[in-house]
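Q: Each chain, letter by letter, is given below.
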Amino acid sequence: MEQGFSIDRRRLLAGTGALATSLAWSALCPAWARSGTAGLAAGPVLTGEEIALSIGEGRFTTGRRSARAVMVNGTLPAPLIRLKECRRVRLAVTNHLREQASIHWHGLLVPTQMDGVPGLSFPGIDPGETFTYEFPLIHSGTFWYHSHSGMQEGLGLYGPLIVDPAGQDPIACDREHVLVLSDWSPMAPEAQLRRLKIMGGYFNRQRQTLSGLLAGKDQSLGERLEWASMRMDPTDISDVTGMTYSFLVNGHGTPENWTGLFVPGERVRLRIINASAMTNFNFRIPGLPLKIVAADGNMVQPVETDELQIAIAETYDIIVEPAQDQAYGLIAEAIDRSGLVRATLAPRLEMVAPIPALRERPLLGMRDMGMDMSAMDMGTGGEIDLSKPANTSMDGHSMSMRDPSVAPGVTMGPGVATLSPMPVDRLAERPTGLESVDHRVLTYADLRSLEPNPDPRVPSRQIDVHLTANMERYMWSIDGETFSDGAQPIPLRLDERVRVNLINDTMMPHPIHLHGHFFELVCGEKGHRPRKHTVNVLPGGKVSFDLTADAEGDWAFHCHMMLHMHAGMMRVVTVRREGDAA
Amino acid sequence: MKRALFVLALISAPAAAQDAMDHSGHVMAGMDTAQETGSDSEEPCNAPPPPVPDDILADRYYDAARMKAARMHLAHMGHYTNAAILIDELEYRAVDGRDGYGWKAQAWYGNDHDRIAVTSEGEGAFSKAAEQVETSLLWRHAIDPWFNLEAGLRHDFRPDPERTYAVVGIQGLAPYWFELESQLFVSDQGDVHARLGASYDQRITQRLILEPEAEVNLAFQDVPELGVASGFERIELGARLRYEIMPGVGPYLGVHWERRLGGNADLARQEGESPSQVAAVLGLRAWF
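Same order as they appear, the protein sequences are chains Z and F.
The working numbering puts the first residue of the first sequence at 1, with every later residue one more than the last.
The working numbering puts the first residue of the second sequence at 1001, with every later residue one more than the last.
Among the hints, erroneous ones may be present.
[Unchecked claim] Straight-line Cα separation of at most 16 Å, EDC-like style, residue types lysine to aspartate or glutamate; simulated pairs: (1) Z/Lys-84 / Z/Glu-190; (2) Z/Lys-526 / F/Glu-1043; (3) Z/Lys-526 / F/Glu-1042; (4) F/Lys-1068 / F/Asp-1088; (5) Z/Lys-84 / Z/Glu-49; (6) Z/Lys-526 / Z/Glu-451; (7) Z/Lys-291 / Z/Glu-307; (8) Z/Lys-526 / Z/Glu-472; (9) F/Lys-1068 / Z/Asp-126; (10) Z/Lys-197 / F/Asp-1114; (11) F/Lys-1128 / F/Asp-1088.
[What the hints assert, rightly or not] Each pair of labels, with its calculated beta carbon distance range: (12) Z/Met-230 / F/Leu-1237: 25 to 35 Å; (13) Z/Val-352 / F/Gln-1206: 28 to 38 Å; (14) F/Val-1118 / Z/Ser-229: 25 to 35 Å; (15) F/Pro-1212 / Z/Pro-354: 37 to 47 Å; (16) Z/Gly-36 / F/Gln-1206: 35 to 45 Å.
To be clear, the hints were calculated from the coordinates, so they are not data collected in a lab.
Predicted model only: the values in this text are computed from it and were never measured.
C-beta: ideal position from N, C-alpha, C; glycine also.
Let's have the full structure, built from the sequences with the hints guiding it.
A: Structure follows, in structure tokens:
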């Protein structure tokens, strides 16, 4: 497993000093991510008030796949940065690439000019330039950082960032491990996007087939015809799949088997970050219940589950208490079941957890089209007759899949293939593919903030945001407009309390991220709602969140599926003092 | 009260952009009302949005020229131009006594809405000059999520004499995943023709795909110099079984059947040719 780490030496050495040009496998990983690590306390991490990061090119290999990667300080994932609340930090980032670079501190509340989005919060970091980010740390939790330039994030520029509380950490544990989940392909993201623009289903190797029909698999002939009549593919779960992706835990694929150690009986905290470009994961540890203690860096009232879907850009802190002297598998499975990665939690290094079989690929259903089954007049046996004319009105609801009257704010055009006729709030529902697994599954509605929500005001207004797409042409937009269509920013007043309704008019989940703020998901009783920076909006569903616009500036608001964002599924949210803006 | 505020918000919304300060008063009124009444309702009020600011806050901190350049770059997020070459069919046609070839290909350049395409198709026998060689230059414009309008020129190098046609058409993906193309041609001599084509990818396994295809050509008048009689000119039916080594790329085996109809069949017989022809085909589909 010899790793070539070929980089432009002159460029890299100029910035970082001595750095070996050929390193063994684990040296490519930062110490905390190295296999066999005893935990965070044992490995050196970047801490303190002055931190230097160097972005450069490298080569990354997992299994039999190897290609160019973008790394920080020569590693993938990038180094763990561990900071302390109530301190200030200066992060000097040097760009050794031939193109512009940037780093965005995902989930961290920082001033707008330090947020790291080129063209919005700063000019970007030019080749050869060092840019110093400097900000106070005003809260604590598990976060991460990644590039916001080009598609560098898909090439490896992401890493974990922990802010420890100023006082004692209320989440007590004997040991902790960071798990950075990611997807990595030898095919550059630009090449992936090009293929998808030419063939929307390029990476889907799990479609319904005639042989499947004859074998009685998947949908019945009748259902297939109904879906085909709408030009909808129920197997379109993920755009980029295991066909090209290797899935990684801390930069290790299944063959490299990242292993974290524990002593039986210990209380182990796992800080899980989904740093993928395009993969939502189902995460489970067969044989261990997972106690969720924080989501997106914010503590929640502990809730136990057996499996959770961790959408792109989300983070979860989990406590596990492995009692047996055995190896436990840390299983992150792509939600389309096109692949998984197994890492190991074990008392000793030589122990290896088994690799579970991939479960059956899920199929999308009517709810994923934005059709609320419960509100519909069910036919006999609960079956829905789609052969009725598309515009049949049911209780005044249109059943058309593209009726502009359900979304007056959407600019209709070739980029909007469908509009959810009856989107339902799916926060209390199990996410895609986990509807019928025979163990507990976390839903957003299970999450209750530990701290009371800070702002009890009723929102002064609400804003509908439609997530729109045409999967066949691979067009992704918000309200029918791509960012490059010249979409207007969403203006907010400083300290205004607003409700944002995200309506998913597509059949794919979208992890929507707002920079610079936490928002409260509108689910369950008021007062202790989960505070998040990213929320996964299930297909055909809707999510409402309440937001206090307390950070003046210009903030990116986008789908965190990297290719969706690059296809234009992005907006700017502006926050200004009333009367400040001309 | 709420209703009144709602009406007020509706009236004031269009004016809000010009007069933000004035309406901020109403916003606060809306928020206060909800709190003062102690309503359990979480229903948000109907305050108007503030105006969209015309500045970027970070401009206060960084060099204006660099910020402007970065902003221009960011503004392209979602703009995508692409080019591709698609070889739909490139095949050997084994016909009783007279083996030949056929092709159908296109290259395009453009974005999600507008593309320029060069297409080419033709066929012939190895023993003599090509029977049919068509090329066209088309502008394709997306008119809805599924279909494109086509307009441009077609030039036939074969048959002899050469002809140039103006083309308009509709092309795209119909319900049930049928690829459709319908085109109307008007030649430089004034003769009018039409063509309708349809194909479908039947996935037998993840990699094995059967693609049936049909094409009908119509002439709206006799064109003696091209050997065309008014009415149905020609029907082509094909079925190609492809094994995809990569998505959209793979060798295929199949059959191709062509039938000249009506007056055209008579013309074929007069020329001593059979109006009907069946070929076994072996070919490659690919794209770059």
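Q: Run every hint past the structure and note whether it holds.
A: The hints, checked one at a time:
{"no.": "1", "hint": "Z/Lys-84 / Z/Glu-190", "in the structure": "37 Å, violated"}
{"no.": "2", "hint": "Z/Lys-526 / F/Glu-1043", "in the structure": "12 Å, holds"}
{"no.": "3", "hint": "Z/Lys-526 / F/Glu-1042", "in the structure": "9 Å, holds"}
{"no.": "4", "hint": "F/Lys-1068 / F/Asp-1088", "in the structure": "44 Å, violated"}
{"no.": "5", "hint": "Z/Lys-84 / Z/Glu-49", "in the structure": "9 Å, holds"}
{"no.": "6", "hint": "Z/Lys-526 / Z/Glu-451", "in the structure": "12 Å, holds"}
{"no.": "7", "hint": "Z/Lys-291 / Z/Glu-307", "in the structure": "10 Å, holds"}
{"no.": "8", "hint": "Z/Lys-526 / Z/Glu-472", "in the structure": "40 Å, violated"}
{"no.": "9", "hint": "F/Lys-1068 / Z/Asp-126", "in the structure": "14 Å, holds"}
{"no.": "10", "hint": "Z/Lys-197 / F/Asp-1114", "in the structure": "13 Å, holds"}
{"no.": "11", "hint": "F/Lys-1128 / F/Asp-1088", "in the structure": "24 Å, violated"}
{"no.": "12", "hint": "Z/Met-230 / F/Leu-1237: 25 to 35 Å", "in the structure": "28 Å, holds"}
{"no.": "13", "hint": "Z/Val-352 / F/Gln-1206: 28 to 38 Å", "in the structure": "31 Å, holds"}
{"no.": "14", "hint": "F/Val-1118 / Z/Ser-229: 25 to 35 Å", "in the structure": "33 Å, holds"}
{"no.": "15", "hint": "F/Pro-1212 / Z/Pro-354: 37 to 47 Å", "in the structure": "46 Å, holds"}
{"no.": "16", "hint": "Z/Gly-36 / F/Gln-1206: 35 to 45 Å", "in the structure": "38 Å, holds"}
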